[in-house]
Amino acid sequence: MQLLWQILVNGVLLGGLYALMALGLALVWGVLRIVNLAHGAFIMLGAYVCYYLFAGLGLDPFAALPVAMLVMFTFGYLVQRGVLNLVVRAPMFDTLLITFGIDVLLTYFAQLAFTADFRAINPSYAGDNFELLGATVPLVRVAAFGVALLLTFGLWLLLMRTRVGRAIRAAAQNLVAARLYGVEPRNLYAVTFGLGTALAGAAGSLYGVVSQVSPYIGSSLTGKSFAIAIIGGLDNPLYVIVGGMVLGIVEALTALYIGPTYTDVASFGILVLVLIVRPKGLLGRTA
Amino acid sequence: MTLPVRAVIVAIVVALLAAVPSIAPAIIVQFGISALIMVTLAQSWNIIGGYTGYTAFGNSVFYGLGGYGTAVAMVQFHLPFAAGLALGAALAVVFALLLGLPVLRLRGQYFAIATLGLVGVMTAIVSNLDIAGSNSGLVLPLLKGDTLFYELALALALLTTLTVAWIARSRFGFGLIAIRENEEAAEVMGIDTTLHKVLAFMLSAVFSALAGGIHAYWITYIDPAGAFDVTLNVKMIIMVVFGGPGTVLGPVVGAVLLSAISEILAVNVTSFAGMFFGLVVVIAIVFMPRGLTDVMRRFREVGWRCFQENVRTYRV
Amino acid sequence: MRHFVTCMLAALALGHSAFGKPIELGASIQLTGPLANTARYYRDGYQFAVDKINAAGGVKLGNAREKIVLRMLDNQSDTNLSVRQYVQLVTQDKVNFLLGPYASDFVLADSAIAEKYGVPMVQGGGASDQIYSRGYKYIFGTLPAATEYFGSTVEAMAGLDPVPKNVALLYADDAFDVSVAEGTRKLLGSAGFKIVVDQRYSSKTSDFNSVLSLIKSRNVDSILVAGHETEILNFIRQAKSLNVSPAMYAFTVGVQSDDFRKALGRDAEYAFGMTPWLASASLKNDYFGDGVQFAREYEKRFGYEPDYHSAAAAATVEALIKAIEKAGNLDPEKVRDALTRVDFDSVYGPIRFNTVGQIEMPQTVVQVQGGKLVPIYGPKGFIEKPLYPMPAWGKR
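Protein chains in written order, with the numbering used here: chain A, 1 to 287; chain B, 1 to 316; chain C, 1 to 396.
Read the hints as simulated data drawn from the structure, not as lab findings. Please note that a few of the clues may not be correct.
Quick list of in silico lysine to any residue cross-link-like pairs, SDA-like style, CA-CA up to 20 angstroms [said to hold, decoys possible]:
#1 C:K395 with A:K280
#2 B:K144 with C:R84
#3 C:K216 with A:N129
#4 C:K216 with A:K280
#5 C:K395 with A:N129
#6 A:K280 with B:L101
Build the full structure now, drawing on both the sequences and the hints.
Encoded structure:
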């Protein structure tokens, strides 16, 4: 019983981080209809920015996080403006292919610039933990969970209460009408993508603290982010919270009761199942 | 060109290609095998993606099942190669049927992601199967010499291309194209869309599986990551899109060209090969989203402006 | 064309004599990709050995001395690419002999190419049993059997006071670690240890929280992990954050390498590891002097401390050279036969291949004490006193 409680705690905390990872992807997918196969690469780059701020300037990773977000926002903005805007209205598989190409390029450059050595963002409190009703709770995971919730809430505020957010939502629903209202799509799309990569950057920074940083962490994280976004539902980027929790808990339980080598079977299996049974996601309105 | 003349030309080309192992150096034969396997894969994707309009991102599952069927049959049960190929193909077809039915109900990006998810599931399942060697994979029996593999790959590529040629002018094929252009209208017209889609998926599966089986025996090794390789799907799609989707010879051109480029890069520049591949993909999609044949056709009319037009059509 | 250019460049670079052409050794190594971190030990070990041998005049072939040229390709940590590259090395570049890659999975696949084309491959990167159980004649290895890796550790455990009550065995799902686990189970059984957790995990996972929680709930005394550096790093850090403190834990890799200990800092303390090699002055050799000199020169040239991977790589090259000299020519069959009879001392240890082509070498158990690697237990018993049991995380 004790063990189950610990596993559930692990799963929920992991789920929060997972949700943050998928948030940027869901935003870009839902609004821009861009299926970003390079999402994991942006997470990876965010992790490196945070790492260098930590290792080079001695910044605490949670303080470096906003900086990493800013850097990744700018980078994402440029990528969208310079490359992706050129194919936004092409058939869907064109965006899939081009983001795949970007993923290959980003991973390659990361390898070149940062070498294949794995790094860890290891602040002095990395191993600290506390007890909660019998389960050991690692401090950094709780902090990551908190940051994830904060950013998700922040995105909600942005989409619902600000001009930019309203413009993004309008453009997602009907671009022509939005343009009539004065929305400038090139800039708006770039801002949206930039927001997506900024969130990926935040997720990457947190990931670097609880795990490791290397140029190759991207691809598996892209896969997981897709699963989470689909499970929650693409209607609203905030549904990733549900998706993340489901995946986090399922993975933790699978690892314990079936075996650690089966977690991918569970994650991708759920993805396929959800698509077959309820393509709009657990929270989405059925078509 | 009349049919008999075309047939003679094809026969001559095939005969020349078949003679390659006896006259060309080993490195050319090896390139030939890889290229021919890619032709088969490109054509099999063409059936479901090019003609039916369903962008499948999971054909590597069939390729992997074909490879594993062959490997398990030969390594664990000591069966001959032909039996292995048959087992691999059977596995793939059954998979296409059972999972095609639910998955083909999805459209557009959901279908693509579902097939991508299937790749992930199969990779994870196979890496837990001891009979398949788990994550370490299987080492197949050795067969010295490449001639058998070359001729088999050539025969398979030919068979697949002929099948696509048949599809292009058959009622079945017209049904597929109707589904691609407007699925609702096709339904209304009385076409059994489910039957057509699943059959296309199964055809696609058979050829991909056979290609996978040949490849596995050729390089004497198979493991989950290589068999179900996700980038293989992307390569397939790029080759078809590059050459011209929904045509008979487009995928052949695309596959041969891209194989050649990638081989030259891999041999000469190794580390940079990956980067060039990514760069080629990005540039190609931006400037040639509808393929080489499309560009070539429009180039004759408007010259260099066709690239500009491509960008203008799809940018925001 | 490429072959010609390589030869010309090699000849110019080495001031080669007018007769004969240099001996070409081909290898496909993980110069980039997730395994590059460890594979660089092989890249540098091979190069170091080749340069030393060339500096000493080269390989004695009949009356002449020939230089060696190393042709290394980057397989980007992709097994399938490495297979294709070995085919290329043999059929297109026509190298004389092959040096192996890092990692059993790769060696397993690549050795099939050596066997297919009848070109001897000597490797120091793969230890799994599967490599040697296929009856292949052209593959030789300088890493001792995977199944024996924890042999010395289990012996040492039986000599600890108090003896651990139970054991958790964790292993990654690649050929090498699965082999290690199979062997370790038998070793633990014979020594009377009770295995209460026995789990295989995926090499791609970075999350050990579930298995660590399980270990904690079962009050496990000792943990044995067979995996890769990245995973072991994660494991230790997560053990700390989940407050899992066994009396001891031992790992197949990581502990003996410098950058691993640097990455963990003080958290690396008390961890047990193993190595078939420690830089020692008693390991004398014609080309390198002795083990200590080898380590010093290596570190000076490449900027990091060598570990057994580097030593094994150097010994691998030397084994091939000794076999060529024994055979007196470059005929693959004759060199292959000569390899079965090599018997010499290298900075890695005595080099002798058994009937299936594998070396037999005992592992030394080491422990991180005060930031340094201390040898604890070897073939002759305890060397230094182990720090046991490990204090809980909060009390360090």
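task: Take a quick look at whether C:K216 and A:N129 sit within 20 angstroms of each other, Cα to Cα.
output: At roughly 15 angstroms apart (the allowed maximum being 20 angstroms), A:N129 and C:K216 satisfy the hint.
message: Checking one constraint from the list: CA of C:K216 to CA of A:K280, max 20 angstroms. Satisfied?
response: 40 angstroms, violated
- prompt: Is the straight-line distance between the alpha-carbon of B:K144 and that of C:R84 20 angstroms or less?
  reply: Holds: B:K144 and C:R84 sit about 15 angstroms apart, inside 20 angstroms.
- prompt: Are the Cα atoms of C:K395 and A:K280 separated by 20 angstroms or less?
  reply: This hinted pair is violated, its Cα atoms lying about 51 angstroms apart.
task: Starting from A:K280, check that the Cα of B:L101 is at most 20 angstroms away, please.
output: 19 angstroms, holds
field: Pair hint C:K395 and A:N129, alpha-carbon separation not exceeding 20 angstroms
entry: 14 angstroms, holds
Comparing the model with each numbered hint stated earlier shows that hints 1, 4 do not hold.
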